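Undergrad: The lines below spell out each chain.
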Amino acid sequence: MSEAIAEKPAARRRSWDIGRYTLLITLVAIVVVTAIGNPRFFTINNLFNILLQISVLGILAAGQTMLIVSAGLDLSVGAALSVAGVVAALTIVSTGSIALGIAAGLATGALIGFVNGLLVATNRATPFIVTLGTMTLLQGAAIVISGGSPINGMGALFDVFGLGDLFGVPNPVYALAATLVVVFFVLRRTVLGRSAFAIGGNEEAARLSGIPVRSRKIGLYTLNGLIVGVGAVVLTGILDSALPNMGNGYELRTIAAVVIGGTPLFGGRGTVVGTFGGVLLLGLVSNSMNLLGVGANYQNVVLGLIITAAVLLQKRG
Amino acid sequence: MEPARAASGARSSEQARPAISALGISKRFPGTVALENVDLIVARGEVHGLVGKNGAGKSTLLKILSGAQPPDSGRIVVGNQSFAALTPITARRAGIAAVYQNPELHLDLSVAENIFLGAEPRTRLGLVDDAEMARRTSELLGRLGLSLPPEARLGDLDIALRQQVAIAKAVRERASVLLLDEPTSALNKAQADFLFRLIRDLAEGGMAIVYISHHLDEVLAISDRVTVLRNGRCVGVVASGDVDKDDLIAMMVGQTVGETAARRAPHPPGAPLMALDGVTVPGRLDHVALTIAKGEILGLTGLTGAGARVLAEILAGIRTPSSGSLLLEGEAFRPRSIHAAIAQGVVLVPQDMRGRGLVMPMPVAQNLTMARLKAIAPRHWLNLAAERERAEALVGQLDIQPRDTTREAGLLSGGNQRKTLLGRGIFAGARLLVLEDPTEGVDVDARRQIHAYLRSLADGGTSVVFVSTDLEELIDLADRILVLRNGRIDRELAPSGLTPERLLAAIQSDHERRHAQETEGTSDV
Ligand SMILES: Nc1ncnc2c1ncn2[C@@H]1O[C@H](COP(=O)(O)OP(=O)(O)OP(=O)(O)O)[C@@H](O)[C@H]1O
Ligand SMILES: [Mg+2]
Numbered sequence: 001m002s003e004a005i006a007e008k009p010a011a012r013r014r015s016w017d018i019g020r021y022t023l024l025i026t027l028v029a030i031v032v033v034t035a036i037g038n039p040r041f042f043t044i045n046n047l048f049n050i051l052l053q054i055s056v057l058g059i060l061a062a063g064q065t066m067l068i069v070s071a072g073l074d075l076s077v078g079a080a081l082s083v084a085g086v087v088a089a090l091t092i093v094s095t096g097s098i099a100l101g102i103a104a105g106l107a108t109g110a111l112i113g114f115v116n117g118l119l120v121a122t123n124r125a126t127p128f129i130v131t132l133g134t135m136t137l138l139q140g141a142a143i144v145i146s147g148g149s150p151i152n153g154m155g156a157l158f159d160v161f162g163l164g165d166l167f168g169v170p171n172p173v174y175a176l177a178a179t180l181v182v183v184f185f186v187l188r189r190t191v192l193g194r195s196a197f198a199i200g201g202n203e204e205a206a207r208l209s210g211i212p213v214r215s216r217k218i219g220l221y222t223l224n225g226l227i228v229g230v231g232a233v234v235l236t237g238i239l240d241s242a243l244p245n246m247g248n249g250y251e252l253r254t255i256a257a258v259v260i261g262g263t264p265l266f267g268g269r270g271t272v273v274g275t276f277g278g279v280l281l282l283g284l285v286s287n288s289m290n291l292l293g294v295g296a297n298y299q300n301v302v303l304g305l306i307i308t309a310a311v312l313l314q315k316r317g
Numbered sequence: 001m002e003p004a005r006a007a008s009g010a011r012s013s014e015q016a017r018p019a020i021s022a023l024g025i026s027k028r029f030p031g032t033v034a035l036e037n038v039d040l041i042v043a044r045g046e047v048h049g050l051v052g053k054n055g056a057g058k059s060t061l062l063k064i065l066s067g068a069q070p071p072d073s074g075r076i077v078v079g080n081q082s083f084a085a086l087t088p089i090t091a092r093r094a095g096i097a098a099v100y101q102n103p104e105l106h107l108d109l110s111v112a113e114n115i116f117l118g119a120e121p122r123t124r125l126g127l128v129d130d131a132e133m134a135r136r137t138s139e140l141l142g143r144l145g146l147s148l149p150p151e152a153r154l155g156d157l158d159i160a161l162r163q164q165v166a167i168a169k170a171v172r173e174r175a176s177v178l179l180l181d182e183p184t185s186a187l188n189k190a191q192a193d194f195l196f197r198l199i200r201d202l203a204e205g206g207m208a209i210v211y212i213s214h215h216l217d218e219v220l221a222i223s224d225r226v227t228v229l230r231n232g233r234c235v236g237v238v239a240s241g242d243v244d245k246d247d248l249i250a251m252m253v254g255q256t257v258g259e260t261a262a263r264r265a266p267h268p269p270g271a272p273l274m275a276l277d278g279v280t281v282p283g284r285l286d287h288v289a290l291t292i293a294k295g296e297i298l299g300l301t302g303l304t305g306a307g308a309r310v311l312a313e314i315l316a317g318i319r320t321p322s323s324g325s326l327l328l329e330g331e332a333f334r335p336r337s338i339h340a341a342i343a344q345g346v347v348l349v350p351q352d353m354r355g356r357g358l359v360m361p362m363p364v365a366q367n368l369t370m371a372r373l374k375a376i377a378p379r380h381w382l383n384l385a386a387e388r389e390r391a392e393a394l395v396g397q398l399d400i401q402p403r404d405t406t407r408e409a410g411l412l413s414g415g416n417q418r419k420t421l422l423g424r425g426i427f428a429g430a431r432l433l434v435l436e437d438p439t440e441g442v443d444v445d446a447r448r449q450i451h452a453y454l455r456s457l458a459d460g461g462t463s464v465v466f467v468s469t470d471l472e473e474l475i476d477l478a479d480r481i482l483v484l485r486n487g488r489i490d491r492e493l494a495p496s497g498l499t500p501e502r503l504l505a506a507i508q509s510d511h512e513r514r515h516a517q518e519t520e521g522t523s524d525v
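Protein chains in written order, with this note's numbering: chain A, 1 to 317; chain B, 1 to 525.
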């Protein structure tokens with residue numbers, strides 16, 4: 001139309017964006033320090049061990065990423081994990097079928113997510129408050145349903161997720177990989193994921209563009225619930241037991257992983273690849289501190305420092 | 001408009017030290033040179049216009065002067081202080097105040113509290129002395145000729161009044177330099193005229209004023225000198241008396257531009273697309289009846305609160321009237337959601353770009369396609385290649401700069417953001433396109449292109465309804481202009497042969513015209 005504006009070709013980025021590379025640098029630093037301090041770190045066994053240790057956190061954090069991108073949040077993921085795990089375990093114990101048990105665990109997770117979505121979509125309270133409520137409710141429910149004690153005796157599920165592996169890779173790692181891939185494509189390639197970015201970036205603009213905001217939110221929370229169900233089944237298998245409080249603490253650690261991974265809490269941006277980096281960082285830090293013999297309390301101090309630093313370094317939208 | 005500028009003050013003091021000078025300012029962003037070795041020198045008492053096409057670097061220069069962004073190189077000299085870069089705090093201390101189109105004020109605080117924020121008068125006990133603050137506020141407002149209630153909550157005031165509060169705050173801070181970025185783009189004529197008088201008064205009092213606008217007539221009328229930017233470079237500083245609008249455009253664009261595209265030949269009215277009858281919203285709209293033909297471009301206007309905007313929202317299906325009927329091609333139009341309205345081919349392009357329009361963190365391409373994801377995602381699976389292709393086509397048609405569909409919308413210049421928002425409405429493939437202020441913040445050249453594009457859409461059978469208070473835009477673009485007053489359609493005007501003056505007279509009632517002459521629009525206009 002008019003004369004071409006003299007656009008310089010997207011030349012090298014002059015300003016060096018610290019926030020973007022912090023995660024990578026930290027990861028490399030940890031690996032180097034630990035490898036020097038303890039040669040056992042670099043064994044294949046230990047690497048699979050780390051992946052196994054982070055599998056459940058990674059699964060849950062992937063789901064949390066979708067919600068945070070949409071400016072949502074789910075504080076109830078830990079409690080929902082406990083409930084779904086207990087339901088799955090009870091089903092297996094009473095029917096003897098692990099297929100039925102897995103189905104029950106997934107369905108429970110999805111149903112909880114659906115209800116969270118319904119409540120959030122009313123826009124009457126922030127997702128924080130809504131899911132704080134469901135979190136408390138579900139923590140109680142897990143104890144009521146389980147009778148307050150662990151549910152054991154699901155040998156078959158333990159065989160799959162506790163002991164099972166394929167080509168030497170523990171099965172929970174496949175569950176983690178599958179979840180990451182699904183969330184990656186949901187965010188990048190589906191209308192639901194695109195809606196999450198639009199709603200998180202500007203909900204009113206999304207609404208005025210004809211995006212059905214309520215049903216998309218319900219969809220996102222339901223999918224997240226399903227993912228929590230996956231995490232519940234995997235964790236129950238790994239532990240060979242469903243404990244009514246086994247999910248406690250996951251809510252905050254998932255959020256920490258998402259934030260470390262560069263997804264801002266106010267929504268509109270974010271990647272599941274970053275979240276995986278965040279999960280890996282948390283896992284590596286714990287693992288190397290274990291190998292280096294750092295006590296549990298110091299570990300918490302270090303993790304707290306990392307989370308705080310990640311938030312402070314984050315770019316503002 | 002009378003170019004009654006404060007020329008004497010500025011001319012005589014030109015030899016004296018300038019109030020502010022920015023020298024050799026350069027600023028790059030990844031992939032863009034926003035400013036390259038630009039000088040801007042403003043004398044005490046001078047109103048200095050700053051013009052250029054969308055993306056020329058005007059806002060960036062202003063942000064550098066107000067300390068919102070540091071330059072990559074260059075110096076800023078204010079009075080007898082010299083800075084390599086300013087921060088918001090050092091800029092304010094040096095006496096620089098910036099007022100943006102939508103001023104950054106605290107909506108929950110009162111007028112007085114905003115003006116005295118951080119410098120509240122205290123009682124002997126150290127408490128805020130509300131009485132004294134109110135007294136000094138009234139005194140200040142009176143001195144500036146503003147009739148604002150000091151205790152009014154800012155959130156209850158319209159944009160024009162908020163700007164006045166921001167300017168009063170600058171005066172209270174004894175600013176010697178006032179930076180204005182497109183202050184009139186959201187104002188109607190009376191509000192703008194009032195602002196001009198205020199600006200001239202301040203300049204006569206010795207303030208240096210930098211004034212950015214795409215309304216070149218205004219710029220020439222109000223400023224003493226004008227700096228023209230093109231592609232981040234300064235292409236000239238001219239005295240307003242020595243040039244006319246076309247000279248400025250030629251400098252901005254770098255070539256002479258053809259005259260305004262001819263108005264569409266009056267065409268036989270098409271079949272009716274939308275018909276309204278008895279449409280009423282208590283207190284806002286009163287039994288409006290109206291038929292919009294296929295392929296028609298209809299302009300809606302009126303004073304603030306006259307009902308033009310409410311009517312547009314009803315046409316777009318985002319507001320339901322309490323009584324009356326709407327027929328879209330003979331069938332009742334009562335969409336249950338905006339989603340449903342768009343599915344029926346009725347699309348709104350809102351005025352409020354930040355609040356309701358763009359998703360700033362999303363790339364341009366995604367902003368363009370979001371109102372019709374179906375077109376690129378059959379069965380909910382996005383075809384990213386198709387999206388990029390169609391977005392690139394639109395970016396070319398609307399001349400969105402830079403031509404980079406992956407750029408975040410929030411990083412575009414104001415005018416290019418407006419074009420992106422318009423592009424979304426066009427991509428939605430509407431039968432009825434409802435536009436609020438379609439070219440607000442868009443440069444003169446781009447505006448012609450947008451008008452031409454909308455005409456070609458209408459030639460293709462799309463009906464376009466737009467709300468505007470911009471008289472030239474109404475006359476240039478519309479096939480038919482409806483003037484609303486008190487919630488009713490007061491007049492229907494044909495644009496051919498209509499002058500801006502006569503249109504303005506039609507918009508203002510006799511009573512309001514008299515009122516406006518007395519107070520120049522301080523109240524509800
Ligand atoms: N934060 C940023 N990051 C990257 N590019 C930017 C940023 N801010 C501005 N730009 C680019 O710098 C150039 C100048 O932008 P600027 O906002 O100063 O234009 P402008 O003259 O005010 O235009 P308009 O009339 O449209 O408001 C544009 O190409 C814009 O895309
Ligand atoms: Mg600008």
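I should point out that these hints are in silico values taken from the structure, not numbers from a laboratory. These figures come from a predicted structure and were not determined experimentally. Glycine included, every Cβ here is placed at the ideal spot set by N, Cα and C. Fair warning: there could be bad hints in the mix.
Claimed, not checked - Derived contacts from chain A toward chain B, CB cut-off under 10 Å, selection only:
{"hint": "1", "residue": "39"}
{"hint": "2", "residue": "40"}
{"hint": "3", "residue": "188"}
{"hint": "4", "residue": "189"}
{"hint": "5", "residue": "190"}
{"hint": "6", "residue": "206"}
{"hint": "7", "residue": "211"}
{"hint": "8", "residue": "265"}
Unchecked claim - The calculated label-pair distances, taken between Cβ atoms and stated as ranges, are:
{"hint": "9", "chain 1": "A", "residue 1": "308", "chain 2": "B", "residue 2": "68", "range": "37 to 43 Å"}
{"hint": "10", "chain 1": "A", "residue 1": "188", "chain 2": "B", "residue 2": "200", "range": "50 to 56 Å"}
{"hint": "11", "chain 1": "A", "residue 1": "252", "chain 2": "B", "residue 2": "388", "range": "37 to 43 Å"}
{"hint": "12", "chain 1": "B", "residue 1": "127", "chain 2": "A", "residue 2": "249", "range": "42 to 48 Å"}
Undergrad: Looking only at beta-carbon atoms, does the pair residue 252 of chain A, residue 388 of chain B fall within the given range of 37 to 43 Å?
TA: holds, 39 Å
Undergrad: If I claimed the Cβ atoms of residue 308 of chain A and residue 68 of chain B lie 37 to 43 Å apart, would that claim hold in this structure?
TA: Violated, at about 28 Å.
Undergrad: Does the nearest C-beta of chain B fall within a distance shorter than 10 Å of the C-beta of residue 190 of chain A?
TA: Hint on residue 190 of chain A: holds, closest Cβ of chain B at ~6 Å, below 10 Å.
Undergrad: May I ask you to test the interface hint for residue 40 of chain A with respect to chain B, counting a Cβ-Cβ separation under 10 Å as satisfied?
TA: violated, 43 Å
Undergrad: Mind checking the CB of residue 211 of chain A against every CB in chain B and telling me if the closest is under 10 Å?
TA: holds, 7 Å
Undergrad: For the hint on residue 39 of chain A, does the least C-beta distance to chain B fall short of 10 Å?
TA: violated, 43 Å
Undergrad: Does residue 189 of chain A meet its interface restraint, that is, does its C-beta lie within less than 10 Å of any C-beta in chain B?
TA: With Cβ-Cβ at 5 Å, under 10 Å, it holds.
Undergrad: Per the CB criterion, is residue 206 of chain A less than 10 Å away from chain B?
TA: Where the cut-off is 10 Å and the nearest Cβ of chain B is about 7 Å from residue 206 of chain A, the hint holds.
Undergrad: So the hint says 50 to 56 Å: do the beta-carbon atoms of residue 188 of chain A and residue 200 of chain B match that?
TA: Because 54 Å falls inside the window, the suggested range holds.
Undergrad: How about residue 188 of chain A: closest beta carbon in chain B under 10 Å, or not?
TA: Hint on residue 188 of chain A: holds, closest Cβ of chain B at ~8 Å, below 10 Å.
Undergrad: Does the Cβ distance between residue 127 of chain B and residue 249 of chain A fall inside 42 to 48 Å?
TA: Since residue 127 of chain B and residue 249 of chain A have Cβ atoms about 46 Å apart, the given range 42 to 48 Å holds.
Undergrad: Does residue 265 of chain A hold up as a contact with chain B if the rule is Cβ-Cβ below 10 Å?
TA: violated, 13 Å
Violated hints, listed in ascending order, are 1, 2, 8 and 9; each of the other numbered hints is respected by the structure.
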